[in-house]
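> Here are the chains, one letter per residue:
2 protein chains.
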Amino acid sequence: MPVGTVGSVKAVHVSELKEDIGAQIILGNTYHLYLRPGLDILQQAGGLHRFNSWNKPMLTDSGGFQVFSLTENRKLSEEGAEFQSHIDGSRHFFTPEKAVDIQRIIGADIMMAFDECTPGDADYDYAKKSLDLTERWLDRCLARFRETECPYGHRQALFPIVQGCVYPDLRRRAAENVAAKGADGNAIGGLAVGEPTEKMYEMVELVNEILPKDKPRYLMGVGKPENILEAIERGVDMFDCIMPTRNGRNGQIFTKQGVMNMRNERWKNDFSPIEEDGASFVDTLYSKAYLRHLINVNEILGLQIASIHNLAFYIWLVQEARKHIIAGDFSEWKPMILQNVTRRL
Amino acid sequence: MPVGTVGSVKAVHVSELKEDIGAQIILGNTYHLYLRPGLDILQQAGGLHRFNSWNKPMLTDSGGFQVFSLTENRKLSEEGAEFQSHIDGSRHFFTPEKAVDIQRIIGADIMMAFDECTPGDADYDYAKKSLDLTERWLDRCLARFRETECPYGHRQALFPIVQGCVYPDLRRRAAENVAAKGADGNAIGGLAVGEPTEKMYEMVELVNEILPKDKPRYLMGVGKPENILEAIERGVDMFDCIMPTRNGRNGQIFTKQGVMNMRNERWKNDFSPIEEDGASFVDTLYSKAYLRHLINVNEILGLQIASIHNLAFYIWLVQEARKHIIAGDFSEWKPMILQNVTRRL
Numbered sequence: 001m002p003v004g005t006v007g008s009v010k011a012v013h014v015s016e017l018k019e020d021i022g023a024q025i026i027l028g029n030t031y032h033l034y035l036r037p038g039l040d041i042l043q044q045a046g047g048l049h050r051f052n053s054w055n056k057p058m059l060t061d062s063g064g065f066q067v068f069s070l071t072e073n074r075k076l077s078e079e080g081a082e083f084q085s086h087i088d089g090s091r092h093f094f095t096p097e098k099a100v101d102i103q104r105i106i107g108a109d110i111m112m113a114f115d116e117c118t119p120g121d122a123d124y125d126y127a128k129k130s131l132d133l134t135e136r137w138l139d140r141c142l143a144r145f146r147e148t149e150c151p152y153g154h155r156q157a158l159f160p161i162v163q164g165c166v167y168p169d170l171r172r173r174a175a176e177n178v179a180a181k182g183a184d185g186n187a188i189g190g191l192a193v194g195e196p197t198e199k200m201y202e203m204v205e206l207v208n209e210i211l212p213k214d215k216p217r218y219l220m221g222v223g224k225p226e227n228i229l230e231a232i233e234r235g236v237d238m239f240d241c242i243m244p245t246r247n248g249r250n251g252q253i254f255t256k257q258g259v260m261n262m263r264n265e266r267w268k269n270d271f272s273p274i275e276e277d278g279a280s281f282v283d284t285l286y287s288k289a290y291l292r293h294l295i296n297v298n299e300i301l302g303l304q305i306a307s308i309h310n311l312a313f314y315i316w317l318v319q320e321a322r323k324h325i326i327a328g329d330f331s332e333w334k335p336m337i338l339q340n341v342t343r344r345l
Numbered sequence: 001m002p003v004g005t006v007g008s009v010k011a012v013h014v015s016e017l018k019e020d021i022g023a024q025i026i027l028g029n030t031y032h033l034y035l036r037p038g039l040d041i042l043q044q045a046g047g048l049h050r051f052n053s054w055n056k057p058m059l060t061d062s063g064g065f066q067v068f069s070l071t072e073n074r075k076l077s078e079e080g081a082e083f084q085s086h087i088d089g090s091r092h093f094f095t096p097e098k099a100v101d102i103q104r105i106i107g108a109d110i111m112m113a114f115d116e117c118t119p120g121d122a123d124y125d126y127a128k129k130s131l132d133l134t135e136r137w138l139d140r141c142l143a144r145f146r147e148t149e150c151p152y153g154h155r156q157a158l159f160p161i162v163q164g165c166v167y168p169d170l171r172r173r174a175a176e177n178v179a180a181k182g183a184d185g186n187a188i189g190g191l192a193v194g195e196p197t198e199k200m201y202e203m204v205e206l207v208n209e210i211l212p213k214d215k216p217r218y219l220m221g222v223g224k225p226e227n228i229l230e231a232i233e234r235g236v237d238m239f240d241c242i243m244p245t246r247n248g249r250n251g252q253i254f255t256k257q258g259v260m261n262m263r264n265e266r267w268k269n270d271f272s273p274i275e276e277d278g279a280s281f282v283d284t285l286y287s288k289a290y291l292r293h294l295i296n297v298n299e300i301l302g303l304q305i306a307s308i309h310n311l312a313f314y315i316w317l318v319q320e321a322r323k324h325i326i327a328g329d330f331s332e333w334k335p336m337i338l339q340n341v342t343r344r345l
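If you read the protein sequences in the order shown, they are chains B and H. For the first sequence, full-length UniProt numbering gives the first residue as 1, with consecutive numbering after it. For the second sequence, full-length UniProt numbering gives the first residue as 1, with consecutive numbering after it.
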């Protein structure tokens with residue numbers, strides 16, 4: 001899922017997302033959308049789909065992650081989280097019920113439960129207390145979800161989130177609790193937040209042995225191409241990450257042959273296409289040297305090209321993964337493609 | 001001509017310029033391109049057309065205007081202009097010959113003569129001395145132009161520029177001198193640089209009585225929709241201006257019904273299309289409220305939408321002007337359309 005933080009996937013038209021990149025679903029950040037444009041506007045618009053003209057599936061996070069990572073003067077309590085806006089310092093209070101209410105108003109097809117995203121280096125006691133809270137909050141989210149409806153008449157799903165940090169017994173307990181809720185899909189949170197990568201894979205594997213296989217399993221905030229393929233091998237179906245767009249804006253270009261840093265002198269007079277057999281129209285329309293120049297002089301077009309290219313690459317990668325799963329040769333394909341795409345060019 | 005300062009029309013793909021906006025020709029700034037990416041890169045690329053993938057006509061200015069407006073520690077002499085780069089303070093020296101040589105390397109289809117753009121408030125003595133210099137520089141440009149060739153094999157034209165500030169006798173003398181050169185096209189410079197608008201129209205009218213009517217007449221750096229239509233009525237065929245893109249990035253949107261400032265609260269919950277019968281795909285894809293939100297939160301997509309929209313509007317406006325010239329009712333159409341497009345919404 002390309003990430004559309006404040007209601008737009010940065011530097012990319014919705015028509016490009018659909019027709020050039022082939023995205024099937026995008027993500028919006030509840031925290032950002034709640035602050036700007038705000039719920040009044042979104043409600044009057046008839047929800048985010050109508051507001052930003054994205055007429056395909058959309059998912060919103062619960063806002064929890066941003067509350068815990070972006071805001072100041074946070075106060076966490078049983079009831080919820082009080083915080084100050086990173087924009088204007090105004091005070092707000094999110095509860096599990098409010099996170100559901102807000103996401104009802106945003107109107108995304110998939111809403112996420114409000115949880116505490118436990119830091120990757122939390123000790124066992126903290127992680128356990130945090131999970132206890134997340135589980136009580138999940139029940140409150142689900143209660144609110146059952147009592148309410150989408151104000152625009154379409155169906156909305158609510159995905160619970162498995163926490164438990166890097167502790168196998170906590171993750172197992174969390175996955176069992178989540179699986180028992182019978183939701184339309186389930187998420188794995190609190191990974192790729194500072195823990196060793198091997199721990200992440202271990203947790204994904206363990207959790208996915210418990211989560212139902214016939215419902216989408218969503219690994220939140222991941223990640224690099226290698227993380228995505230490793231997680232797919234362990235049963236994950238959905239991902240979101242700002243990496244293709246944010247790293248693109250910083251000049252990092254992912255290709256089938258490896259990763260290019262466009263700020264590197266090396267591309268200065270390489271007039272070959274960005275990617276000869278790339279997945280987007282920008283790949284043969286523009287050259288490496290031109291993209292390097294644009295990034296180098298901070299031209300907006302450079303951000304556009306890098307963003308479209310990287311998103312198209314990510315979508316291509318997971319489409320290929322799907323093909324190889326169906327063909328039954330994923331395990332042979334994965335090391336080969338990883339050797340290529342993770343190479344530094 | 002949409003302006004592509006450093007080799008890209010800011011926030012717009014070349015495919016959008018061609019297919020959505022319908023631009024026939026774009027402009028590049030010699031001063032900026034000379035500094036970045038630099039002549040080495042442009043020469044190795046095979047010229048700017050190949051570098052930025054714009055395979056339609058292109059015009060470059062001579063660099064003079066930016067030398068006189070952007071740089072520090074300028075020293076103007078008979079020989080040329082010495083200046084320090086606004087990027088890194090490095091010292092450079094432009095002469096009429098060098099301006100031609102640089103534009104040969106950039107490879108634009110239309111090159112401009114190196115001149116001094118006399119300030120709009122210059123006194124008569126200054127304006128006369130400045131014109132004397134511009135005329136001597138023009139002869140040196142033309143000599144160099146005749147001695148050299150396009151390094152990429154295609155044809156390049158060189159347009160002389162009429163200066164003379166707001167003084168009728170200087171403008172007349174300058175126009176006669178320029179007309180006598182028999183160039184492929186001719187330009188009017190040194191207007192829209194601080195003089196009263198009525199003076200600008202007066203000078204355009206006077207100069208266009210002298211410049212040949214069967215060659216394109218190009219009014220440099222103009223302007224607002226009303227300036228363009230007034231100048232067209234006085235015989236001008238070509239324009240360039242950063243207004244549609246720069247003002248667009250600041251939230252000013254030109255439409256057939258008037259001008260909108262998207263930062264205005266008024267658009268906050270106006271969910272109607274940006275322009276119902278607008279000239280670009282963005283006009284009905286996105287709403288006013290959404291564009292306002294994007295501009296408001298500094299999302300790159302807002303800059304893209306505003307730039308495409310405004311460029312498409314400008315191209316639509318001059319295409320309409322052409323239709324009405326051909327239909328013979330330009331003078332009746334002009335006040336009507338101006339009343340609409342200059343309205344503040």
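These aren't lab readings, by the way, just hints derived from the structure by calculation. Virtual Cβ for every residue (Gly too), placed ideally from N, Cα, C. Where hints are given, some of them may not hold.
Ranges of calculated distance between the beta carbons of each label pair, as one might list FRET restraints [what the hints assert, rightly or not]:
1. B:G89 to H:T197: 44 to 50 angstroms
2. B:N250 to H:R246: 24 to 30 angstroms
3. B:N250 to H:Q339: 58 to 64 angstroms
4. B:N250 to H:E176: 53 to 59 angstroms
5. H:H86 to B:K129: 54 to 60 angstroms
6. B:N269 to H:L70: 23 to 29 angstroms
7. B:M336 to H:R322: 36 to 42 angstroms
8. H:T197 to B:S85: 58 to 64 angstroms
9. B:T197 to H:Q257: 23 to 29 angstroms
10. H:Q24 to B:H92: 50 to 56 angstroms
Away from chain H, derived, C-beta distances all over 10 angstroms, residues of chain B [stated by the list, open to error]:
11. K10
12. G22
13. D40
14. E78
15. E149
16. P216
17. R234
18. E299
19. A321
To give a feel for the contact side, a few chain H residues facing chain B, derived at Cβ under 8 angstroms [unchecked claim]:
20. V3
21. V12
22. I105
23. A179
24. V297
> With reference to the structure, classify each hint as holding or not holding.
A quick look at each hint next to the structure:
In this structure the supplied range 44 to 50 angstroms holds for B:G89 paired with H:T197, their Cβ-Cβ distance being about 45 angstroms. Distance hint check for B:N250 and H:R246: the Cβ-Cβ separation is about 25 angstroms, which falls inside the suggested range of 24 to 30 angstroms. Between B:N250 and H:Q339 the Cβ separation comes to about 47 angstroms, which falls outside the hinted range of 58 to 64 angstroms. Separated by about 55 angstroms at the C-beta atoms, B:N250 and H:E176 satisfy the suggested range of 53 to 59 angstroms.
About 57 angstroms separates the C-beta atoms of H:H86 and B:K129, a value consistent with the hinted range of 54 to 60 angstroms. Between B:N269 and H:L70 the CB atoms are about 26 angstroms apart, so this pair conforms to the stated range of 23 to 29 angstroms. The hinted window of 36 to 42 angstroms between B:M336 and H:R322 is violated, with their beta carbons roughly 57 angstroms apart. The hint said 58 to 64 angstroms for the Cβ distance between H:T197 and B:S85, and at roughly 45 angstroms that hint is violated.
Against the hinted window of 23 to 29 angstroms, the Cβ-Cβ separation of B:T197 and H:Q257 comes to about 56 angstroms, which falls outside the hint. Between H:Q24 and B:H92 the CB atoms are about 52 angstroms apart, so this pair conforms to the stated range of 50 to 56 angstroms. Interface exclusion of B:K10 from chain H breaks down, the closest Cβ pair being 5 angstroms apart, not more than 10 angstroms. Every C-beta of chain H lies more than 10 angstroms from that of B:G22, the closest at about 17 angstroms, which supports listing it as non-interface.
With a cut of 10 angstroms on Cβ distances, B:D40 falls inside the contact zone with chain H, its closest approach being about 8 angstroms. For B:E78, the condition that its CB be more than 10 angstroms from all CB atoms of chain H holds, with the nearest at approximately 33 angstroms. Taking the minimum C-beta to C-beta distance to chain H, about 22 angstroms, the non-interface status of B:E149 holds against the 10 angstroms cut. Listed as outside the interface, B:P216 is consistent with that label: its C-beta sits roughly 28 angstroms from the nearest C-beta of chain H, beyond the 10 angstroms cut-off.
A cut-off of 10 angstroms between C-beta atoms confirms that B:R234 is not in contact with chain H; the least separation is 35 angstroms. For B:E299, the requirement that its beta carbon stay farther than 10 angstroms from each beta carbon of chain H is not met, with the minimum near 5 angstroms. Once the 10 angstroms rule is applied to beta carbons, B:A321 is consistent with being away from chain H; the minimum gap is 29 angstroms. This hint is violated: H:V3 has a C-beta 13 angstroms from the nearest C-beta of chain B, more than the 8 angstroms allowed.
Given hint, H:V12 at the interface with chain B, holds; its Cβ is 7 angstroms from that chain's nearest Cβ, closer than 8 angstroms. Violation of the interface hint for H:I105 is found here, the shortest Cβ-Cβ separation to chain B being roughly 14 angstroms, above the 8 angstroms cut-off. At about 38 angstroms, the closest approach between the beta carbon of H:A179 and any beta carbon in chain B exceeds 8 angstroms, and the interface hint on this residue is violated. Satisfaction of the interface hint for H:V297 is found here, the shortest Cβ-Cβ separation to chain B being roughly 5 angstroms, below the 8 angstroms cut-off.
Consistency with the previously given hints fails for numbers 3, 7, 8, 9, 11, 13, 18, 20, 22, 23, ordered from lowest to highest.
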